[in-house]
Structure formats: C-alpha cells, structure tokens
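Residue-level listing of the chains:
2 protein chains.
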Amino acid sequence: MSQIIEQVSGQATGQAAGKLYGIGVGPGDPELLTVKALRRLQAAPVVAYPVSDGGKSLSRSIVAGYLRPKQIEVPLWYPFKLEQSSQPYYDQAAETLAEHLAAGRDVVVLCEGDPFFYGTFMYLFTRLSERFHTEVVPGVSSVMANAAMLGTPLTYRNDLFMVLPGTLSAELLQAKLALADAAVILKLGRNFAKVYAVLEQLNLLDRAKYIERATMPNQRILPIREVDPAAVPYFALISIPSQWQPE
Amino acid sequence: MSQIIEQVSGQATGQAAGKLYGIGVGPGDPELLTVKALRRLQAAPVVAYPVSDGGKSLSRSIVAGYLRPKQIEVPLWYPFKLEQSSQPYYDQAAETLAEHLAAGRDVVVLCEGDPFFYGTFMYLFTRLSERFHTEVVPGVSSVMANAAMLGTPLTYRNDLFMVLPGTLSAELLQAKLALADAAVILKLGRNFAKVYAVLEQLNLLDRAKYIERATMPNQRILPIREVDPAAVPYFALISIPSQWQPE
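Each protein sequence line maps, in turn, to chains A and B. The first sequence begins at 1 in my numbering and counts up by one. The second sequence begins at 1 in my numbering and counts up by one.
Here chain A stands alone, though its shape is the one from the complex:
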C-alpha cells in the first residue's frame, strides 16, 4: 500500500489522518439505513454513538446486526438531562474521537434519523470538521417515515409544512401551528399534555395522528384521545397530514 503523508491542520502526524463520517441510521428499522451508510459503517475501524443515562444506545441497537467483530466501539455519554451547559461534554467527546482520527483511524458516528436534523452530531461536526476530513451521510428522518407507517400522505403540491418541537411554549405552538398546511410535532415525552391542549384549541384532534417509535419493532399507533400523557416516550410524534384533495 502506498504511504500517504498528510498535513492535518496544526499537526504533522506522519501518517494519513482518519476521516470522520456522521451517518444517518434512519428512524429505527435497520433496513432503513442507506446503502452508503451501511458501507461507511462496515468499513470504519471505529464506531461511536451517543448513550443515554440508562446506558442504552438506540442508534447502536439499530445497527447491531451490521457491526463487524473487530470494530472499536466508542460510547459517547451525553448529558441528556443535565441543566448546566452540555458543551464541555461535547469537547470531551470530540477529543476522544480526535485521538482516533489523528492516529489514522476512520471514525463513524451513528446518528438517529438524519445527522443534521435536530441531532447531536453537529456538536462534534463543529469541533472536528476543520481539523479532519468530514463527510455527512444523510438519513431517513422519522419526520417522513411516520407517514409511511401511518399510511397517510403528509404533504401535497403547494402545502406549507412545519416541524415543531413539543418543547416550545403552548403560545408559540398554537400561533405557528395555525399557519401550517401539514405538520409534525417532535420531542413529545412530557410535553404531550401541553401539545394535546393546543391541538384541542386549534380543532386538530380529528386530524392529528399519534405514533411511537415509528418503524421499530415496538412501534405503536394510538388514537390521540387514548394516549396516556404520563406514558409518552421521547421517540413519539404527532403527525398532522395535509387535507388537500385533488379537484
């Protein structure tokens, strides 16, 4: 093999630096990885992924069947529920990956859905993409995948479509949702009761559809009036499909 000497900004490593890949692993069904994400995943010597407080990693569980025996796994313990700034944790995670990259090892970071759409990969991207060659592989977002699972087209023709995080205030949600032709509300969890009240105010309860863990084996679709607000997972969403009808 040819020896490539590459200058990594600020440091001469004496060997080619590794490449960083942020790959979207899609909404949950392992078959909804793209061909490119699968290829990047299986070729990389290092695979990193966010881990929740409970020690579980959704993105790793999605790709578990694709991992190869000798890959180095790097769990990234993000502070999902802390009140203080999470930025020091991303500093630390970025340095862990930078060590692998500087040593010439390609690193794949697993990202649920799409890496640049409400993800955490951007915090690593902003810290590492100027120092190391970085590629982002887009993924299937739950924002679209829910429609396939619900069997309901989401947007037509000239529709204005919105994605709203359930973390917004009731006032903001109500004011903005009123302007959409179709919408998806993410990040439900403990925000469900507030969102439900907004939908009731806007007379949207008959149109709104509720789905948990779209495309995963434990996916659940419930009539929105039957949802227990105390038992709504983070990976639940409400879809408000377009009402457009062809003339």
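Check each hint, because a few of them may be wrong.
Beyond 12 Å from chain B on every Cβ pair, some chain A residues (computed) [said to hold, decoys possible]:
| id | residue |
| --- | --- |
| 1 | Gly55 |
| 2 | Ala64 |
| 3 | Thr120 |
| 4 | Leu205 |
| 5 | Ile224 |
| 6 | Val227 |
EDC-like mimics (lysine to aspartate or glutamate), calculated; alpha carbons at most 20 Å apart, straight line [as the list claims (entries may be wrong)]:
| id | chain 1 | residue 1 | chain 2 | residue 2 |
| --- | --- | --- | --- | --- |
| 7 | B | Lys176 | A | Asp181 |
| 8 | B | Lys187 | A | Glu135 |
| 9 | A | Lys176 | B | Asp181 |
| 10 | B | Lys209 | B | Glu226 |
| 11 | A | Lys209 | B | Glu135 |
| 12 | B | Lys19 | A | Glu31 |
| 13 | B | Lys209 | A | Glu135 |
Stretch by stretch, here's where chain B covers chain A in the computed footprint (C-beta under 8 Å, at least three residues) [said to hold, decoys possible]:
| id | segment |
| --- | --- |
| 14 | 29 to 37 |
| 15 | 104 to 116 |
| 16 | 141 to 150 |
| 17 | 157 to 166 |
No wet-lab data here; the hints were simulated from the structure. Glycine residues also receive a C-beta, built at the ideal position from the N, C-alpha and C atoms.
Since the structure of chain A is already known, use the hints to place chain B on it.
Just chain B, lined up with the frame of chain A:
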C-alpha cells in the same frame, strides 16, 4: 411453493394478487437508497416510474444500476405542465398498475425523495391501496440531504423548521418564512426571482444557501447572489440553516 388463493376486494382472481410498493429512491445518489428500497426494487417483477415531458425519468436514472434484466418497466407519463386537471392521467396510470397487480405481479413504483412528501405516488396510493396490499418505503428527502452536501447543520434543539414551495405567492412566502428558525424552499425553477426578492426583503440573503441537484453527479452549489434566475432547474432548493449557537 404453496398456492395461495387470495380474495381481492371485488374480484376473485383465482391467484394471489401482487403487492404494491411505493419506494423512496432518495435525492439522487444511488447509494442513498435504503437497504429496504433496494431489496423491494430488485425483487419486483414490475417497476413503474414517472416520466417527464421530455421522456426522461429521474427516478429511473437513480436506480438504473440496480435494475435486473427481466424486470418489466412501466413508464408513467404524467402531465407535468398541463393546465387541466391531472387526475384522469392518474386514473389511467392506476389501471395500468392494477392489471399487473391483479395478475399476481408485485409492482414497485419509484419515488424521488420520500413517497409521501410532496410526491406524486399518493395519487396512485389513494387509487390502489384499498384494492391491493400496499407498502410505502420511506426515503431520504432532499430537504435533509441538502444540508449534508452544504456541510451546514439545518436545525437544532427547539428550532421551528419550515418547508415552503416556491410556488407560493410572495406575500405568503414572506409572512410565513419570517416565523421560521430554519427553512428549505423547494420547487424553485421559474419561481427563483420571486423567492430571491422575498429573501432580500427579510434580510436573509447572507444566510440562504443555494444548491442544485443535491447528491447527484451534476450537483452545483452557488452563492445565491450569483444565480442566474433564468437557469434555475426544478431540482434546486434554497436552504436557510438555523442560526442557533451553543452558549
């Protein structure tokens, strides 16, 4: 192989009816098909796809390298530019597919991006899904893929995200875009000059990014002030990424 006799609503065919698959083929790069879309595509005896006035099919060109020699191809000549209702054309296309399905042949319909997101597959879905088993395989949308190509994260945390068709009036575009934290404007083509004027009004020209044919071999990224309004293709979009910065 076991013989399955299946009752298709309204007609006893004496054989199992075929299944209908609407598969998202992603934004353009053939590797951005999902593993599932690829599997469904290669297993189906019949592959249908929309064809433009000029006789070209973007979705077919995306999957050209994956097609198998004995697959039956069904080009669907949609009336992309006609002024009259397009619904009779979808009636005809649906009947063509229904003949294959009734004869027991699975049919895959190729859909650029995601089938239920501003697509044309829904017109076939509404006509056929009650008569035949139908599955939708979600795909990577250009709405997210453009961000990967531009190297710019699109949305963070509590951002409100909008997708606006450039076909909307300048007044509507301006009123609604002003409320978004991040946005993508689709269906540019001849609407570019109007959209540009709206961005100027909203002081968004420094933030807006322009990309043609994201992830395709002839992808082009241009500073938005250098775009020739007379030469903007339909598959161009403007991305307005979030300005959110971690504290």
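Hints versus structure:
1. Gly55: holds (24 Å)
2. Ala64: At roughly 14 Å from the nearest Cβ of chain B, A:Ala64 sits farther out than 12 Å, so the non-interface label holds.
3. Thr120: violated (9 Å)
4. Leu205: holds (21 Å)
5. Ile224: Holds, because the least Cβ-Cβ distance between A:Ile224 and chain B comes to about 19 Å, which exceeds 12 Å.
6. Val227: holds (22 Å)
7. B:Lys176 x A:Asp181: holds (12 Å)
8. B:Lys187 x A:Glu135: violated (26 Å)
9. A:Lys176 x B:Asp181: holds (12 Å)
10. B:Lys209 x B:Glu226: OK: B:Lys209 and B:Glu226 at ~11 Å, within 20 Å.
11. A:Lys209 x B:Glu135: holds (18 Å)
12. B:Lys19 x A:Glu31: Cα-Cα ~19 Å, so holds.
13. B:Lys209 x A:Glu135: holds (18 Å)
14. 29 to 37: Our answer is that it holds, as 8 residues pass the Cβ test (under 8 Å) against chain B, meeting three.
15. 104 to 116: Check passed, 3 qualifying residues.
16. 141 to 150: Held - the segment 141 to 150 of chain A has 5 residues with a Cβ nearer than 8 Å to chain B, which meets the minimum of three.
17. 157 to 166: holds (count 9)
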